[in-house]
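Student: One letter stands for each residue in the lines below.
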Amino acid sequence: MSLPVRIHQLEVAYGGRKQDAVVAVNGVDIEIGSGEFGVLLGPSGCGKSTVLNTIAGLISPTAGTITVGDQVFFDKSRDINLKPEKRGLGMVFQSYALWPHMTVFDNVAFPLRRRHVKREQIASRVGEMLELVRCQQYAKRYPHELSGGQQQRIALARTLVGKPAVVLFDEPLSNLDAELRIQLRDELALLHSEIAFTAVYVTHDQAEAYGLASKLFVLRDGRVEQTGPPLNVYHAPATEYVASFLGANSWAGEIVGREGKRLVVDSEYGIIESTSDPKGLGVGDTAVVAAYPDRIGLQRDPSGAGVVVSKRFGGAAMEIVVALGPANDDRLRIRRAADLVDVHEGDRVRLVVDPADALVYAGRPTHASDREHRPVPLDVQS
Amino acid sequence: MSLPVRIHQLEVAYGGRKQDAVVAVNGVDIEIGSGEFGVLLGPSGCGKSTVLNTIAGLISPTAGTITVGDQVFFDKSRDINLKPEKRGLGMVFQSYALWPHMTVFDNVAFPLRRRHVKREQIASRVGEMLELVRCQQYAKRYPHELSGGQQQRIALARTLVGKPAVVLFDEPLSNLDAELRIQLRDELALLHSEIAFTAVYVTHDQAEAYGLASKLFVLRDGRVEQTGPPLNVYHAPATEYVASFLGANSWAGEIVGREGKRLVVDSEYGIIESTSDPKGLGVGDTAVVAAYPDRIGLQRDPSGAGVVVSKRFGGAAMEIVVALGPANDDRLRIRRAADLVDVHEGDRVRLVVDPADALVYAGRPTHASDREHRPVPLDVQS
Amino acid sequence: SQPGVAANGWDGIVAAAEKEGSVTVWSSSDQKLINKITSAFESKYRKIKVNSLKMDSTTQQTTLDQQLGANRPPSVDTILGNSNYAWLQGLAQKGHFEKPQGPNNAGWDAKYTADGMVAATINPFVMMYNTNKLKSAPTYADLLKPEFKGKIGLNNADPAALKAFYDNWRTQLGEDYVKQIAGQNPQIQSASAVVAQNVASGQLLAGPTGNAASVELLRAQGAPIDFAIPDEGTMAYVLYATAFARSAHPNAALVFLDFVQSPEGQGILNTNNSGVSVLPDVEGALRVPDGKMTLIDWDKYPTDKLQSIDAWWKGLFG
Amino acid sequence: MTTDAPAARLDTSRAPRPLWRRVKPKSLVHLLGIVMIAGLVYPLVMLLVRASGDVRASWDAITAIPDLWPSLLNTVWLALGCVIVAVILGVLLAMCVANLPRRWYNTAQLLCTLPLFMPPIAAVSGWVFVASSAVGYGNVLLRTLLGIESDSGPFNVYSLPWIVFITALYLVSYVFLFVSTALRESDATLELSARVFGSSWFMTQIRVVLPSIRPALYYSIGIALLLGLGQFTAPLLLGATARVDVITTEMYRLTSASPPNYDAATLLSVPLLAVAMIIVAVQRRSLGNLRRYTSVSRGAMRARTPRRWLIVPPIVYVVLAIVPPTASLILVSLSPYWTGSVDFSNMSLRSYQEVLATPQYVDSITTTLEIVLLSVIGGIVLSTAVALYITRSRSFVARLLEFTINLPIAMPGIVIGLGILISYGLGFLDLYGSQTVFVIAYIYLYMIFGTRMIVSGLTRLPDSYDHAARVAGAGAVSTFLRIKLPLLRNSMTSAGMLMLVLMSHEFAASMILRTSFLQVLSTKLFDAFNYGIYPDVAALAVIMVAISAICAVVILSTRGGRNLEI
Ligand SMILES: Nc1ncnc2c1ncn2[C@@H]1O[C@H](COP(=O)(O)OP(=O)(O)OP(=O)(O)O)[C@@H](O)[C@H]1O
Ligand SMILES: Nc1ncnc2c1ncn2[C@@H]1O[C@H](COP(=O)(O)OP(=O)(O)OP(=O)(O)O)[C@@H](O)[C@H]1O
Ligand SMILES: [Mg+2]
Ligand SMILES: [Mg+2]
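Chains as they are written, first to last, in my numbering: chain C, 1 to 382; chain R, 1 to 382; chain B, 1 to 318; chain H, 1 to 566.
It is worth saying that the hints were derived from the structure and are not from the lab. Since the structure is predicted, the reported quantities are computational estimates derived from the model, not experimental observations. Don't take every hint at face value.
[Stated by the list, open to error] Here are the computed distance ranges between Cβ atoms for each label pair:
| hint | chain 1 | residue 1 | chain 2 | residue 2 | range |
| --- | --- | --- | --- | --- | --- |
| 1 | H | A327 | B | N132 | 39 to 47 Å |
| 2 | R | G228 | C | T275 | 29 to 37 Å |
| 3 | R | P229 | C | G228 | 38 to 46 Å |
| 4 | H | F480 | R | R78 | 23 to 31 Å |
| 5 | H | T459 | C | A236 | 46 to 54 Å |
| 6 | H | V35 | R | A123 | 46 to 54 Å |
| 7 | H | V362 | B | L68 | 57 to 65 Å |
| 8 | R | H144 | H | S200 | 40 to 48 Å |
| 9 | C | E128 | R | R223 | 41 to 49 Å |
| 10 | C | D70 | H | R102 | 30 to 38 Å |
| 11 | B | K314 | H | A327 | 55 to 63 Å |
| 12 | H | S200 | C | K163 | 16 to 24 Å |
[What the hints assert, rightly or not] No farther apart than 20 Å at their CA atoms in a straight line, the calculated lysine to any residue pairs in the SDA-like style are these:
| hint | chain 1 | residue 1 | chain 2 | residue 2 |
| --- | --- | --- | --- | --- |
| 13 | B | K305 | H | S348 |
| 14 | C | K215 | R | K311 |
| 15 | C | K86 | H | S200 |
| 16 | R | K215 | C | G314 |
| 17 | B | K49 | H | E149 |
| 18 | B | K36 | H | D463 |
| 19 | B | K36 | H | Q353 |
| 20 | B | K149 | H | V362 |
| 21 | B | K314 | H | T63 |
| 22 | C | K311 | R | Q183 |
| 23 | B | K314 | H | R253 |
| 24 | R | K311 | C | H192 |
| 25 | C | K311 | R | G228 |
| 26 | B | K314 | H | S256 |
| 27 | B | K36 | H | A357 |
| 28 | R | K215 | C | V72 |
| 29 | B | K314 | H | L160 |
| 30 | C | K83 | H | R253 |
| 31 | B | K32 | H | S348 |
For each residue, glycine too, the CB sits at the ideal point set by N, CA and C.
Produce the entire structure from the sequences given, and follow the hints as far as they go.
Tutor: See below:
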């Protein structure tokens with residue numbers, strides 16, 4: 001059984017008093033259909049976990065409504081706020097959150113015991129569940145005696161054993177190493193296709209989001225910036241923020257004309273044509289051009305605006321960096337199969353972008369270097 | 001100035017007494033020419049850091065020799081073991097290891113002061129160095145007042161200020177987020193081309209290794225498995241281990257014949273031809289076939305051995321998983337541009353691998369799941 | 001040179017004492033009293049400095065036993081105000097004390113200076129009571145009344161003088177009386193001064209093992225406390241002063257002892273009702289009606305007797 | 001680690017190196033480690049030797065104690081009572097604090113550790129003025145407020161429940177420290193996930209939160225039990241009137257009798273030693289499988305649903321532990337004599353002048369400061385050396401040292417005092433009556449706290465700091481002086497201050513080691529309490545509290561309550 005999740009105008013502020021409150025979520029609307037796999041994607045600190053925790057009832061929002069199926073979980077205006085234990089959800093945490101003092105069996109049995117399921121039934125359902133995640137043989141172990149991947153699977157089993165209609169995932173794979181992450185991602189997708197549940201999945205990893213989502217929500221600073229199937233979002237990012245976050249290069253330009261359905265932009269790296277037609281942009285306006293690294297071709301051209309700063313072997317493809325001058329910060333990163341590249345370090349080049357791949361937005365580009373200045377937490381304090 | 005590094009038959013065992021000693025490095029030979037950028041690549045625990053620390057003199061090997069230029073740093077047989085401070089190397093640590101009680105200036109000046117450089121000279125050389133890493137304005141700050149990227153740059157400045165002939169790097173970028181990692185990797189490559197030094201760089205990240213190395217050393221369980229320029233290693237992995245570690249799929253087969261220069265393998269996924277010709281393999285031998293995910297094509301074929309288990313959008317390319325049966329562990333991961341793929345989930349398929357891309361090795365494949373059972377290290381100990 | 005008492009008469013002793021320059025005094029008296037006698041002595045003998053140390057009788061004993069047991073010279077020259085007769089007797093027998101030989105010794109009855117143990121003060125056990133809560137001093141019989149339950153303060157029986165006191169209680173008022181007192185759940189303290197403060201505060205109503213000096217001290221602060229000699233009569237013990245023969249300043253010790261015997265010294269030691277003086281007519285000294293005070297006869301209390309009293313007392317109160 | 005073998009020349013057939021070159025500095029360090037272990041074990045061995053000396057005579061002396069069996073029973077009951085009260089309150093407090101809003105957390109954490117800074121002897125004397133049945137300020141206040149007609153009660157400080165209450169009140173802080181540290185380091189999502197899976201808040205605390213910090217619970221129960229068994233101050237001050245004796249007061253009485261019977265006292269200390277060892281052993285066993293409880297992530301404070309009203313219990317606790325005794329001490333110290341009523345017109349600073357004009361009191365203050373300063377300096381130097389040694393070396397000697405240095409925690413102060421007395425005091429060094437023997441005892445008792453702090457400071461310092469300096473051309477010594485020492489400065493400061501506080505409070509061992517001429521503040525305060533004038537006693541106690549308060553401010557302001565994590 002699965003149920004649709006509807007979140008309307010959700011607002012969460014941390015820190016009771018009004019002055020120093022941190023508004024972590026600021027008017028979020030989310031609708032995930034019954035059985036869909038909704039993924040909230042966004043950079044660290046954008047409020048993903050906060051949204052998830054409000055659905056679970058672990059945090060009380062300051063405004064908005066949360067409805068699952070027919071049941072209102074939260075409605076500020078009607079003063080409804082169901083306790084977490086009454087919501088009947090499943091949840092998988094980044095840290096697995098397996099209880100260290102219980103065996104694997106007891107961990108998985110916990111949700112059933114809390115619902116006073118009969119003894120024999122518990123044993124059989126836990127057994128089934130462990131089989132499903134291929135961990136039958138570990139039932140008597142303690143969590144610390146399992147590898148990260150196994151722990152993750154047990155966490156999944158514990159979540160699904162109660163047959164919840166909605167399952168919440170908070171970056172469940174981010175503690176694992178790359179190989180395992182991919183493997184478990186696939187297993188999760190498979191499980192979702194086998195067992196019916198609605199998923200709300202939080203991640204900052206695009207690959208994970210693409211691989212799992214049937215509906216993607218890109219978050220930015222506590223708001224939903226774009227919603228849609230992953231393919232649509234990838235191919236038509238609604239804003240330059242989304243495009244950048246998904247890995248596109250972006251650089252500045254000015255709209256100089258139209259040719260039929262195409263917009264012509266005089267950009268830092270030369271004239272670019274684009275089939276995209278953002279609203280409210282006319283000739284003479286400043287604009288940002290964006291394109292994914294694998295969608296930019298290069299042609300040697302002594303009068304080209306770009307210079308190949310580096311060209312390096314990158315496994316499946318070559319990694320090429322093009323800049324406006326050798327020392328310039330404003331760099332484009334291009335990734336092309338080796339056989340498609342015939343430029344060298346130091347060459348002056350012109351960009352070749354298919355008009356369908358050239359995305360145009362209003363405004364000026366945000367550079368990686370602008371984003372870099374947030375201090376990282378130090379692990380050592382003196 | 002830069003000097004060549006030569007390591008011969010290095011052996012390191014942790015834990016003094018013989019019985020419970022962990023042999024972390026077991027007969028490693030490394031030669032890095034003057035000015036070269038040597039990268040040691042390998043999975044966690046293979047002994048990379050141990051090798052680096054023996055070069056720095058922070059760990060005493062149990063056997064072997066280490067020579068830099070004409071100077072013998074370590075020679076077990078002749079009882080030579082130079083103290084770290086006498087080796088005149090530079091070293092960049094994963095954790096940056098900036099001293100929190102000193103300003104940026106003092107951090108960078110430390111190596112000069114220890115060498116009793118004159119006051120005025122220190123000021124000017126630290127100034128130059130900070131300029132080189134674009135951090136002049138932070139001279140008076142303390143490390144915790146800097147972002148991760150800036151800290152990394154200061155660590156670099158501190159290392160290079162003494163103009164060491166050899167610089168050691170221990171996964172210096174692994175604490176940074178993806179975007180910054182790529183940026184700093186490029187800067188490092190640039191610096192190396194500007195300042196002459198021999199680099200010994202340790203990482204487990206292939207992209208980093210490809211992007212930096214002029215000579216790559218792939219390590220496995222305390223031994224060097226393969227040496228060569230990255231391009232060569234990538235295109236001709238010497239063993240199935242190297243191929244797998246670099247991301248190739250591998251599956252079992254049996255050599256059934258030869259066609260001219262091509263080896264014909266009857267594999268789990270069908271007949272594969274290969275131009276590779278591993279020594280000692282003849283018709284009738286079991287073998288492993290390996291191929292990179294982007295080098296495998298798929299063709300619908302009702303009699304094909306593989307089944308498309310999943311096909312998912314993965315951004316720049318489609319991610320396709322093919323298995324021998326829907327529930328089988330033995331899976332191939334294929335990554336192809338969307339326009340090159342016309343198969344769907346559930347289709348039976350045949351693999352199309354260019355003979356030049358099909359790698360053949362003796363033995364049986366090692367699967368990711370075989371490698372998974374090592375317990376993950378816990379970061380918290382009480 | 002070996003210290004010793006000067007041979008050439010009192011003037012010689014004084015001269016030797018001045019040469020010694022200081023005298024160490026241990027006293028169990030109240031600190032203020034010690035300070036007072038110290039400054040009076042120092043202003044009379046300007047060349048002799050007094051190092052005074054407040055130390056209760058038991059500690060004096062422990063400390064000295066350790067020193068003498070280890071064959072070290074005592075680190076004290078004069079003891080002032082120790083009540084432990086048996087122990088002092090033991091020391092006297094081993095020749096640790098000099099006989100008093102100053103001019104002030106002349107007026108003293110020899111029984112009060114026997115064996116070099118000078119009766120500096122005679123202390124009767126008095127009945128202390130809180131004047132806010134009680135109109136007059138309670139009698140011993142009054143103490144058994146219910147309103148005294150938990151409101152009586154007693155000294156513990158560690159010092160020999162108190163053992164004698166309790167033993168006297170037993171013989172005079174009967175075993176049963178003491179049992180009933182124990183049934184009143186009295187507060188047990190180590191010092192009368194502390195009992196006195198508890199009486200003054202109102203925490204206790206009365207303390208039959210009181211000490212006049214402590215009461216007077218609190219009265220001076222305005223505390224609602226007074227004392228009386230019980231009608232049944234009371235026991236009194238002597239606080240002795242001695243001069244050590246083998247200490248660092250034996251001459252100064254004798255000079256100090258002489259000062260204790262002087263009318264001035266007696267005035268200070270017994271001032272303000274704080275004790276009974278051996279000398280007649282000492283101004284401010286406590287006067288007890290005839291027949292109401294019995295000095296403890298230590299011959300009746302050999303060690304084994306004291307031990308049995310201790311066990312008996314602890315059985316009741318401990 | 002590097003071996004410091006000199007770079008040898010090519011010629012390997014040279015004459016053997018001189019002896020002093022062959023003695024590696026490493027072996028010298030191990031030798032020092034062994035000396036240290038010997039120094040730590042010496043008093044304990046002497047205790048056993050002395051206890052087994054003339055067992056018959058000692059046994060007779062002990063069995064002659066009239067109330068021996070009741071005393072032993074009392075010891076057990078009091079210890080159990082303390083443990084139950086302290087553990088329940090400590091755990092509840094820790095859980096309250098853990099569920100506070102994040103910005104209150106640190107303050108609340110500090111607050112709950114404040115009672116550790118209350119000198120026990122001052123606290124007990126303070127409580128006497130609060131809860132004496134007739135005129136204790138607390139009783140008078142309650143009677144007035146509740147309109148009780150009686151002239152005594154409802155409390156009587158001279159009673160068994162109050163001895164338990166006062167002792168437990170200050171043990172709560174210890175339990176709190178361990179449990180709240182464990183709660184903070186445990187993963188908050190453990191609790192949250194239980195909620196999501198259908199468990200109510202209360203049941204979650206019972207089924208998930210508490211079991212998941214089981215090691216800390218066991219540990220704090222053990223510590224509370226040890227401290228309870230060794231409790232001394234409250235029984236000594238209140239026990240005589242309350243007719244409650246415990247094993248430690250009996251030991252004290254044996255040593256303070258004339259002549260002191262050290263043999264019997266040591267024999268009496270053997271059961272305490274044995275119980276301590278058993279508790280330590282049981283603890284080690286139950287902590288054996290610690291790994292199970294180490295969490296993958298410490299998410300702690302972030303996501304728990306904060307409840308503001310939970311700030312009330314910590315505040316009540318701290319106010320209760322500090323305000324009544326301190327306030328009544330201040331009131332008494334300002335009054336001419338102790339009465340239950342407060343008369344501001346009579347108040348003056350006379351007692352303080354009196355105390356400061358009395359050479360013996362001033363002496364005890366300066367003696368305390370001298371001894372404590374010496375001990376702190378010695379303690380820091382030794383702690384640092386030991387901490388460096390046990391963190392760097394994996395040798396058997398290092399592990400043995402780590403074990404032995406932990407022993408003093410398990411043993412009552414009075415037992416250690418006795419051990420020090422008969423070993424360093426009356427042993428071949430013959431230091432009895434000197435300040436040195438106090439310094440030895442204080443370092444012996446409290447070095448472990450300094451060592452732990454410095455060890456935790458050291459483990460927070462990554463090796464790479466050292467390595468970076470070595471590679472940058474600094475020798476081992478230069479690296480220690482320029483990198484390690486400056487980075488340890490904070491740890492060393494707070495280690496020093498913590499030791500300063502604990503040492504200046506020390507009472508039990510000091511009671512054994514003091515002589516009439518050498519008294520520290522706590523023993524002098526005890527004498528004053530037993531023989532002196534109450535306002536003076538109170539003034540002296542207030543001075544002691546003030547010294548501790550200053551230390552508390554320094555410790556807590558340098559790096560917050562984390563300094564106290566032990
Ligand atoms: N308990 C809290 N008190 C105050 N601010 C908080 C609290 N929890 C989160 N925040 C802030 O709210 C914002 C959103 O936090 P949230 O944890 O939802 O981000 P996230 O998208 O899940 O990030 P991450 O990817 O790092 O987990 C952040 O700015 C964070 O600092
Ligand atoms: N001090 C030590 N004592 C015992 N074993 C050690 C020690 N340090 C490392 N090892 C072991 O030696 C092996 C190699 O360790 P090393 O740190 O060199 O690996 P690495 O390749 O750098 O791994 P990573 O990528 O995780 O840093 C590992 O198996 C490790 O567990
Ligand atoms: Mg999050
Ligand atoms: Mg490493």
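Student: All hints, please: hold or fail.
Tutor: Hints, verified against the model:
Between H:A327 and B:N132 the Cβ separation comes to about 24 Å, which falls outside the hinted range of 39 to 47 Å. Taking 29 to 37 Å as the suggested C-beta distance range, the pair R:G228 and C:T275 does not conform, at roughly 45 Å. The supplied range of 38 to 46 Å is met by R:P229 and C:G228, whose beta-carbon atoms lie about 44 Å from each other. For the hinted restraint 23 to 31 Å between H:F480 and R:R78, the CB-CB distance of approximately 30 Å keeps it satisfied.
Taking the beta carbon of each, H:T459 and C:A236 are about 52 Å apart, inside 46 to 54 Å as hinted. Checked against the given bound of 46 to 54 Å, the beta carbons of H:V35 and R:A123, roughly 47 Å apart, stay inside it. Our hint of 57 to 65 Å for H:V362 and B:L68 is violated, since their Cβ atoms are close to 29 Å apart. The beta-carbon spacing between R:H144 and H:S200, approximately 42 Å, falls within the hinted interval of 40 to 48 Å.
Taking 41 to 49 Å as the suggested C-beta distance range, the pair C:E128 and R:R223 conforms, at roughly 45 Å. A hinted range of 30 to 38 Å holds for the C-beta pair C:D70 and H:R102, which are about 36 Å apart. For the hinted restraint 55 to 63 Å between B:K314 and H:A327, the CB-CB distance of approximately 36 Å leaves it violated. The hint said 16 to 24 Å for the Cβ distance between H:S200 and C:K163, and at roughly 21 Å that hint holds.
In summary, the hint linking B:K305 to H:S348 is not supported, as the alpha carbons are separated by about 48 Å, beyond the 20 Å threshold. Taking the CA atoms of C:K215 and R:K311, the gap is near 16 Å; set against the 20 Å cutoff, the hint holds. Between C:K86 and H:S200 the alpha-carbon distance is near 9 Å, which keeps this suggested pair within the 20 Å criterion. Using a Cα cut-off of 20 Å, the hinted pair R:K215 and C:G314 holds, with the two alpha carbons roughly 14 Å apart.
Simply put, B:K49 and H:E149 have alpha-carbon atoms about 56 Å apart, too far for the 20 Å limit, and the pair is violated. Taking the CA atoms of B:K36 and H:D463, the gap is near 66 Å; set against the 20 Å cutoff, the hint is violated. A C-alpha spacing of about 17 Å is found between B:K36 and H:Q353, which places the hinted pair at or below 20 Å, so the restraint holds. Taken as a hint, the B:K149 and H:V362 pair is broken in the structure, with Cα atoms around 39 Å apart against an allowance of 20 Å.
Restraint check: the Cα-Cα separation between B:K314 and H:T63 comes to about 15 Å, which is no more than 20 Å; the hinted pair holds. For a cut-off of 20 Å, the pair hint linking C:K311 to R:Q183 stands: about 14 Å separates their Cα positions. Using a Cα cut-off of 20 Å, the hinted pair B:K314 and H:R253 holds, with the two alpha carbons roughly 14 Å apart. Proximity of R:K311 to C:H192 is assessed by CA-CA distance (about 15 Å); at most 20 Å being required, the pair is judged to hold.
A C-alpha spacing of about 19 Å is found between C:K311 and R:G228, which places the hinted pair at or below 20 Å, so the restraint holds. Only pairs whose Cα atoms come within 20 Å are accepted, and B:K314 paired with H:S256 is accepted, the gap being roughly 17 Å. At most 20 Å may separate the alpha-carbon atoms for a hinted pair to count; B:K36 and H:A357 meet this at roughly 14 Å. For the hint pairing R:K215 with C:V72, the CA-to-CA distance comes to about 62 Å; that exceeds 20 Å, so the pair is violated.
This hinted pair checks out: B:K314 and H:L160 have alpha carbons roughly 19 Å apart, not beyond 20 Å. Between the alpha carbons of C:K83 and H:R253 the distance comes to roughly 60 Å, so the proposed pair goes past 20 Å and is violated. A C-alpha spacing of about 19 Å is found between B:K32 and H:S348, which places the hinted pair at or below 20 Å, so the restraint holds.
Hint violations for this structure: numbers 1, 2, 7, 11, 13, 17, 18, 20, 28, 30, all remaining hints satisfied.
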